[in-house]
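J.: Sequence:
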Amino acid sequence: MDPETLSHWQAADAAFDHWLDLPENERDAWLAAQELAEPVRRHLDQLIAAHRQPRASLDPFGGNLIGHQFGGWTLDAELGRGGMAVVYRGWREQGMARQQAAIKILTLGALGAVGRDRFKREAAILARLNHPNITALVDSGVADDGTCWLAMPLVEGERIDHWCEREALDTRAVVGLCLQVCDAVAHAHRSLVIHRDLKPSNVLVEAGGHVRLLDFGIGQFTDSTEERTHTLWRALTPGYAAPEQRLGAASSTAMDVYGIGALLHKLLSGKAPRESEPGEATTPTRPSLLVRDIGDLHHHHHAALKSDLDRVLQKALAPEPARRYSSAEALADDLRRWLGGQPVLAQKPKLGYRLRKFVGRNKLGVAAAVLLVATLAGGIGATLWQADAARREADNARVQAQRAILVRDFLQQVFASTQPSANDVPSALDLLDEGSRRARSPALANDALAAADILTLTGGARMKLSRFGQAEDDLRTALELLERRGPGSIAERMRAHQELAEVFWNTGRQELGVEHARKAVALSETDGVPQRNRLDARLALAMATTYLDPAAAETMSRELLDDAIAAGFGDTHLHRDILDGLASALIYAGRDRAGTMPVLDESLRLTRLLDGEMSGAYAYALADASGTFLLAGKAERAGEMLEQAARIAESVYDQPHQAAAVIQCQLAAHLHLRGGQREQALRHYDAGADIDRTIGRKNLHAAECARYRGILRASLGQYAGALEDLDRSQSLRALNSQLRTAVTRSICGLRASIHLRQGDALRAQHALDRCPASAKAGDSIYFSLAQAEVLIARGMTDEAAALAGTLRRATGNRGPDNNWMRPWMLSMLLARRAGDTTAEAELASEAADFAHLPPAAACFTNPTKANCLALP
Numbered sequence: 003m004d005p006e007t008l009s010h011w012q013a014a015d016a017a018f019d020h021w022l023d024l025p026e027n028e029r030d031a032w033l034a035a036q037e038l039a040e041p042v043r044r045h046l047d048q049l050i051a052a053h054r055q056p057r058a059s060l061d062p063f064g065g066n067l068i069g070h071q072f073g074g075w076t077l078d079a080e081l082g083r084g085g086m087a088v089v090y091r092g093w094r095e096q097g098m099a100r101q102q103a104a105i106k107i108l109t110l111g112a113l114g115a116v117g118r119d120r121f122k123r124e125a126a127i128l129a130r131l132n133h134p135n136i137t138a139l140v141d142s143g144v145a146d147d148g149t150c151w152l153a154m155p156l157v158e159g160e161r162i163d164h165w166c167e168r169e170a171l172d173t174r175a176v177v178g179l180c181l182q183v184c185d186a187v188a189h190a191h192r193s194l195v196i197h198r199d200l201k202p203s204n205v206l207v208e209a210g211g212h213v214r215l216l217d218f219g220i221g222q223f224t225d226s227t228e229e230r231t232h233t234l235w236r237a238l239t240p241g242y243a244a245p246e247q248r249l250g251a252a253s254s255t256a257m258d259v260y261g262i263g264a265l266l267h268k269l270l271s272g273k274a275p276r277e278s279e280p281g282e283a284t285t286p287t288r289p290s291l292l293v294r295d296i297g298d299l300h301h302h303h304h305a306a307l308k309s310d311l312d313r314v315l316q317k318a319l320a321p322e323p324a325r326r327y328s329s330a331e332a333l334a335d336d337l338r339r340w341l342g343g344q345p346v347l348a349q350k351p352k353l354g355y356r357l358r359k360f361v362g363r364n365k366l367g368v369a370a371a372v373l374l375v376a377t378l379a380g381g382i383g384a385t386l387w388q389a390d391a392a393r394r395e396a397d398n399a400r401v402q403a404q405r406a407i408l409v410r411d412f413l414q415q416v417f418a419s420t421q422p423s424a425n426d427v428p429s430a431l432d433l434l435d436e437g438s439r440r441a442r443s444p445a446l447a448n449d450a451l452a453a454a455d456i457l458t459l460t461g462g463a464r465m466k467l468s469r470f471g472q473a474e475d476d477l478r479t480a481l482e483l484l485e486r487r488g489p490g491s492i493a494e495r496m497r498a499h500q501e502l503a504e505v506f507w508n509t510g511r512q513e514l515g516v517e518h519a520r521k522a523v524a525l526s527e528t529d530g531v532p533q534r535n536r537l538d539a540r541l542a543l544a545m546a547t548t549y550l551d552p553a554a555a556e557t558m559s560r561e562l563l564d565d566a567i568a569a570g571f572g573d574t575h576l577h578r579d580i581l582d583g584l585a586s587a588l589i590y591a592g593r594d595r596a597g598t599m600p601v602l603d604e605s606l607r608l609t610r611l612l613d614g615e616m617s618g619a620y621a622y623a624l625a626d627a628s629g630t631f632l633l634a635g636k637a638e639r640a641g642e643m644l645e646q647a648a649r650i651a652e653s654v655y656d657q658p659h660q661a662a663a664v665i666q667c668q669l670a671a672h673l674h675l676r677g678g679q680r681e682q683a684l685r686h687y688d689a690g691a692d693i694d695r696t697i698g699r700k701n702l703h704a705a706e707c708a709r710y711r712g713i714l715r716a717s718l719g720q721y722a723g724a725l726e727d728l729d730r731s732q733s734l735r736a737l738n739s740q741l742r743t744a745v746t747r748s749i750c751g752l753r754a755s756i757h758l759r760q761g762d763a764l765r766a767q768h769a770l771d772r773c774p775a776s777a778k779a780g781d782s783i784y785f786s787l788a789q790a791e792v793l794i795a796r797g798m799t800d801e802a803a804a805l806a807g808t809l810r811r812a813t814g815n816r817g818p819d820n821n822w823m824r825p826w827m828l829s830m831l832l833a834r835r836a837g838d839t840t841a842e843a844e845l846a847s848e849a850a851d852f853a854h855l856p857p858a859a860a861c862f863t864n865p866t867k868a869n870c871l872a873l874p
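Following my numbering, the numbering of the sequence shown begins with 3 at its first residue and continues without gaps.
Rather than coming from a laboratory, the hints here were simulated on the basis of the structure.
Heads up, none of these hints are tricks.
Derived CB-CB ranges, DEER-like:
1. Leu-550 - Asp-47: 48 to 56 Å
2. Glu-645 - Pro-600: 16 to 24 Å
3. Asp-529 - Gly-178: 38 to 46 Å
4. Gln-682 - Arg-294: 38 to 46 Å
5. Arg-325 - Asp-529: 54 to 62 Å
Note that the Cβ used here is the ideal one computed from N, Cα and C, for glycine as well.
Sequences are here, hints too, so could you generate the full structure?
T.: Listed below in structure tokens is the structure:
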């Protein structure tokens, strides 16, 4: 096969692999949207046609093998399907016990002797391997019609990349999973087996974080020369295949070293390594560069990648096999060195590098040595210090005066440099951009403190304008400049830490926010720090803690409120900000909304007093508080607040801003939940989502906006869009360390209900089974309703009726989303199917006060599946 034809087949195969991964109902739309070269499109159409219409001689059962037997194994459900094989769940009787297994059966994708031989070779490979991280061979054989099959342990696991995202694993945990892959591959290599297809879909993670390596379908014995890589164009995955593998070179263990590196690259950056042209010897891009944007979902791996993992991955992914690690064990050893804080061997260690690593591993000993030296030096220098104290006091006053003059002059230059014309007045953003640029210029190289002042100013202002990425850059640089100066500049460092804590809170990095807030509090305990600054630092910590520990945040906020008023800061911005923090803590702690409303009312009073009735701050406060009033049953008040917020926002915000996003989202929720104006509500949800994407807002408020948009789109039958919204909401909740909550269970339940309406009961059950357990007792009503619907889909109507009855009796909170009606609707559907007119009459009597309201009205009038399974 010539190189051009090979590349066309490879591109078609990669597209086919992606097509197979999509839900059945989304495949045609995805295919129609692809712009492919004509040869690639032709090859892809051939693969899809072969998948959909196998020859009868090769697939005598028409693609459905449920109930058929292979070597004593009875097949009862299809688990997955690919171009090479289909996998079923199977069982066989073993004495008094029933044994389950995954039965892999050769399909049309492996036509001919080569495919059959490869399948048999996989059985031989699995029979040779015995390792806890590799799926073993249980049984194998060839059916009477020549169909090849393998039986392997049934692995109840999740793809490693999906597991890492769902569990929001930190870098060390991801590396720990990859070490299990290294151990499995190393065992295979010692058994003279090369995997040759390491990719996320071939690595599953079971409960407890146990890794299983699957699919040796294109594996090769190291001592075999029967099949060269170029015959595997249908099987290898280009994004994870080594460059020499795509060129058709002889198999080697170096291919698996590359595959492990590609897998870890994907887990830490969210992307497969850049696919170079065959034969290209370019060093791969440093993965840290791919995630340096704070808006990237994998940005939390950025610091670790910069700290040696970049070098490890570049060595594992070197284009030339000779430049890679010599073995999977060597790669694993370097990863363990990184975990232990030791110098990695991916680069030749220099003296400074070794010294930094030594200090990192021996902080206590180094600190003690430094303390000893400092103590000796302090004794010698004490006398000199006393003599110099008076001079330094005078110098300090002179420096502060010079610094103030320098900053003043600098800001004047910034305003002058924008050169406004009659028709082009510079905006605040223009001024901030210019100020930030000039603060980094050589003009301030000799006065780091003044540069830090300006960058803290621009960073804080950018943060208030929802330019979170630029704000973080400015504030980090300011902090670096301040920390280079040593232990001084307490107030300046406190402010930078507090501003960074707020940036991280808004961008979903709660642990980092708490870390910086605690540093600010620690600095505030220094002698001489004013009371107001100490209160500000404590407020930053309370706010940063809200999502992670709302009960602790509530305690801190209440103590702060008492201390601030006692210190004379009543009716100030500090007073208002503490009230906002307390309200947030009460909401996320699940406190009674009636008790939260007085706190919000007082905060609104102060915002109106301090910022004015036509300010953006007041518009934001109104919109943010309206949700609590709506859910507390004060719908009319909530509507008035939103109308006023929208009027103010229209005159205040002409650029994307988080306040505008909040207003759009809350207005959409009101129209959706209270007014039933779904199409109009969706337009506002869309506008809010666009703003969030633009500014990079990733806190829990953004997560809830995405979730409610998903609820609305599901009710409109826009199932694909609804699933996208729910996935985004779940990702943001993971980013904010909020996976094990009742809200997460709601998302899982709604996702399962959507899959059922798409006709996919298997994916619905999977969504429920894979849902993280809630930290609180009890499930969400969405989750329990989905369980009942799955029971109906499986024909277990008695169990479904019992669960629906339990939900009816337990439903006391009739929230505005009307999902509390669904247990009655399910019960009515089941009663109609059972022909139980008495039960129908009893249900109608129970629901007399709401049976006339949508969506229950249609169900009670005509209990069809469409009417009674409608989503509110």
